[in-house]
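Each chain is listed here by its residues.
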Amino acid sequence: MTDNKVYYTVETGDNLICQKCGIPLVKTEAVFEYLNNSFPVELPACPKCGFVYVPEDLALGKVLSVEKVLEDK
Amino acid sequence: MDHFKERSTRDYFQKKLYTMEELFKRENRCIYEEPAFCHAACPLGLDAKKLAFFIEKGAFSDARAMLEHITPFPMILAYGCDAPCEKACRMNEVGEGINIRGLERAAMYHGSPKGGKGLFKFKKKQKAAVFGSDLFSLFLAGELARKSYPTSFYVNQKDAISLLKDCAPFLLKDDLVNEAKRLENMDIKILYSSNLTKEFFESEKDNFDIIATSRSFLDMCFPNDIPNKETLLAPISNILSSQDSNPSVLQSIFDARRAGVSVDRISQGLDPASSRGEEGSRESRLYTNMNEAIPSNQIYEPENGYITKEAIEEASRCIQCKCEECIKHCVFLQDTGKYPKKLTREIFNNVDIIMGDHMMNKTINSCSLCGQCTVTCPNGYDMAEICLDARENMVSTTKMALAYHEFALLDMLFSNNEAFLSKPQVGYEKCKYVFFPGCQAGAIAPDAVFKAYVDLSKRLDGGVGLINGCCGAIAKWAGRTAIYEECEEQLKNEINKLGNPLIIAACPTCKKTLEEMLKIEVKGIWDVLNEIGLPKGALEYDRPLIMHDSCSARGDSDMQASIRKLTNSLGCTLKDVPYNGDMSECCGYGGLVSYVNKELASKMAQSCTKDEDVPFISYCMACRDRFAREKRESMHVLELVYAAPAGNPPDISKKRKNRLSLKRKLLEEIWKEEVIVINPEYKIVISEDVAKILDERMILEEDVYSVIEAYHEDGSAVYDEIDGTLTSSLRKGNVTFWLKFKKDEPDVYIILGAYSHRMKVRVRYE
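Protein chains in written order, with my numbering: chain F, 1 to 73; chain E, 1 to 766.
If you're looking for bench data, these hints aren't it; they were derived computationally from the structure.
Listed next, the stretches of chain E that the computed footprint assigns to chain F, with coverage defined by at least 3 CB atoms under 8 angstroms from CB atoms of chain F:
{"hint": "1", "stretch": "350 to 358"}
{"hint": "2", "stretch": "750 to 756"}
Simulated coverage check for chain F against chain E, where a stretch passes if three residues somewhere in it have a Cβ under 8 angstroms from a Cβ of chain E:
{"hint": "3", "stretch": "16 to 23"}
{"hint": "4", "stretch": "26 to 37"}
{"hint": "5", "stretch": "43 to 57"}
A virtual CB, placed ideally from N, CA and C, is assigned to each residue, including glycine.
Work the whole structure out from these sequences, hints included.
Okay, here's the thing in structure tokens:
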């Protein structure tokens with residue numbers, strides 16, 4: 001894994017607000033980890049508390065398909 | 001929770017599934033690849049089944065190419081062969097066998113010769129000579145030319161037509177001309193009108209490396225030199241000739257083929273007798289189920305052969321002998337598109353791979369382990385054992401992803417922890433019996449379980465204890481031996497505490513699993529009910545029903561008979577269907593298929609219930625549930641016995657709630673124990689549509705409560721300003737659950753959607 005590489009980016013609209021901190025989520029460098037593999041991505045997250053938001057279409061789409069590939073590695 | 005530690009793709013463990021010897025032994029039981037009987041009977045190896053297949057499809061040229069590949073003079077074969085293939089044809093058993101020679105002739109008449117010049121071949125260095133004309137020498141000359149030996153053919157006839165006429169007098173005129181043309185087009189130097197004397201032979205022979213002769217010419221030159229039976233090589237003269245002095249047409253052609261092999265061996269400086277490969281006809285181990293063959297007679301073949309329509313009609317009588325007994329009624333094998341031998345090898349290879357993609361993992365986990373193949377296969381092929389061995393192997397080498405079976409395993413642990421109950425009958429410390437209803441009975445028909453326990457404890461003497469939990473089948477099916485062993489220890493302890501009573505199981509899988517696990521006899525509740533009679537209030541059922549036998553009752557004729565006796569006493573009329581009893585198909589629950597491959601599990605349940613509009617009765621709660629989920633009317637026999645219809649099939653959350661409610665009801669009403677239930681401070685509203693999504697996505701209501709609980713305490717969520725919804729998440733075990741909801745009143749949460757993923761997510765550089 002190279003630190004600069006980003007596998008997936010979710011654009012953050014300005015409609016998402018962190019309920020706890022009351023501030024908008026911003027596009028943040030995040031990482032998915034599974035079965036000792038990790039993938040750098042950019043996801044909406046709260047800049048204060050670090051709550052990372054994984055939208056439904058990402059979870060049931062790309063994330064699920066990568067999970068399945070890794071499970072059979 | 002050590003059992004639920006995720007694997008790493010960077011662990012490189014490997015353990016052979018079987019030794020090669022064991023693998024071959026297993027593979028050898030599958031006869032799918034065996035040749036058809038006609039094919040095996042032909043010493044030349046002509047696949048008559050394939051020939052008929054081509055002709056049935058109207059592909060006469062493909063059929064012709066097969067014949068031209070097998071022999072240099074196909075028309076001589078088609079007319080002169082004594083056709084052991086036709087004698088071996090299985091259609092002879094139900095009518096007339098296929099007219100294979102007629103089909104060969106039709107292929108030659110109606111098929112076009114293969115176009116193109118073919119591959120450029122270098123001529124071989126060794127020169128060959130064939131002296132004298134008989135069928136053997138003619139065919140051998142043809143074979144040698146095809147093998148690219150510069151071949152000289154010395155014959156006393158004046159032209160090709162006379163030569164063919166002498167060798168194959170049975171050919172029709174047109175065919176004679178055609179085969180003569182074929183001979184002339186071959187790369188053979190034919191020396192017509194040769195004076196075939198011994199002196200001539202002596203003067204010519206030194207110009208050649210390989211010499212073959214007709215048998216009569218050999219007898220003339222070397223009267224006592226008899227060719228070897230296998231190599232066709234005469235030991236004194238080193239001449240190749242036919243072994244029999246008056247061979248049949250087929251024998252001559254076969255001898256020429258074998259002499260050709262000897263020529264290859266000799267020209268390479270090798271022993272002509274060794275490493276010749278498989279030659280001649282053989283016995284086929286193929287099994288063909290003739291029950292489905294429609295008896296018919298041959299289509300009449302006119303003297304000048306079939307027209308295309310007639311040939312196609314004759315070829316379509318061929319039943320294309322093959323053994324697919326296991327595949328016919330196994331949805332799993334049909335889905336893989338593979339026969340057991342091939343599937344076994346692919347599973348073996350899959351287990352063998354250390355790094356890279358394991359393409360067969362899902363397949364290995366999609367077998368219902370029901371054992372139907374072992375019964376339908378004429379050789380008892382056990383695909384279930386192979387899939388289970390592979391699962392255990394993969395678990396032991398950390399190749400098995402938890403994702404496949406985690407939900408089912410956690411459900412099993414739920415049955416044996418939160419929902420587990422083990423008690424002696426009130427008033428007893430030790431019991432003579434213990435009722436073991438099984439986890440699915442409590443999950444699907446809790447009322448029937450409750451009533452059954454009350455009934456048994458009233459009507460049986462000596463005390464009836466209760467153990468309500470999982471028998472361990474789920475861990476076994478998942479290949480998780482460590483969890484299975486823990487279950488074994490737990491159950492042994494509980495049974496011991498109850499004074500080692502006789503177990504009365506209400507589930508065939510529990511009965512089978514407990515018998516294997518505890519090495520004791522386990523009785524089915526159906527046997528007990530047959531002995532003590534039906535309880536008062538049992539429902540009589542006067543509509544016809546189909547009995548669906550459980551896969552765990554396969555091979556257990558006593559259990560199958562006992563159930564029928566019970567349903568008979570309930571007044572049920574059972575409709576006879578071909579695939580029940582030992583041949584019964586799996587409902588899709590077995591082997592945890594419904595957790596791994598939902599679509600396939602649905603197909604399995606549909607296959608069990610196809611073409612039947614009669615309700616199903618079963619003695620396995622999982623079968624009852626799987627059919628009901630496919631919208632087929634089905635019931636468990638205990639629902640009738642105890643007048644406790646279970647209604648619509650419960651979703652995954654309701655199955656858990658049912659088990660907990662049953663435990664609570666049993667404790668409160670029978671053992672008079674107070675059960676404290678703590679209700680949360682908030683209310684959660686789940687609509688029917690959302691409940692459906694939760695069921696499909698295997699998200700439990702319990703998980704929903706966990707996410708809300710966490711939000712309730714911490715307040716972490718994303719607020720969407722556009723639709724005013726909140727989305728919160730919680731990592732629970734190996735899964736992150738996400739919940740979309742709205743807060744209606746201060747403590748009321750309306751759930752709008754849910755999803756989950758197994759990957760962990762975090763901010764980088766935190």
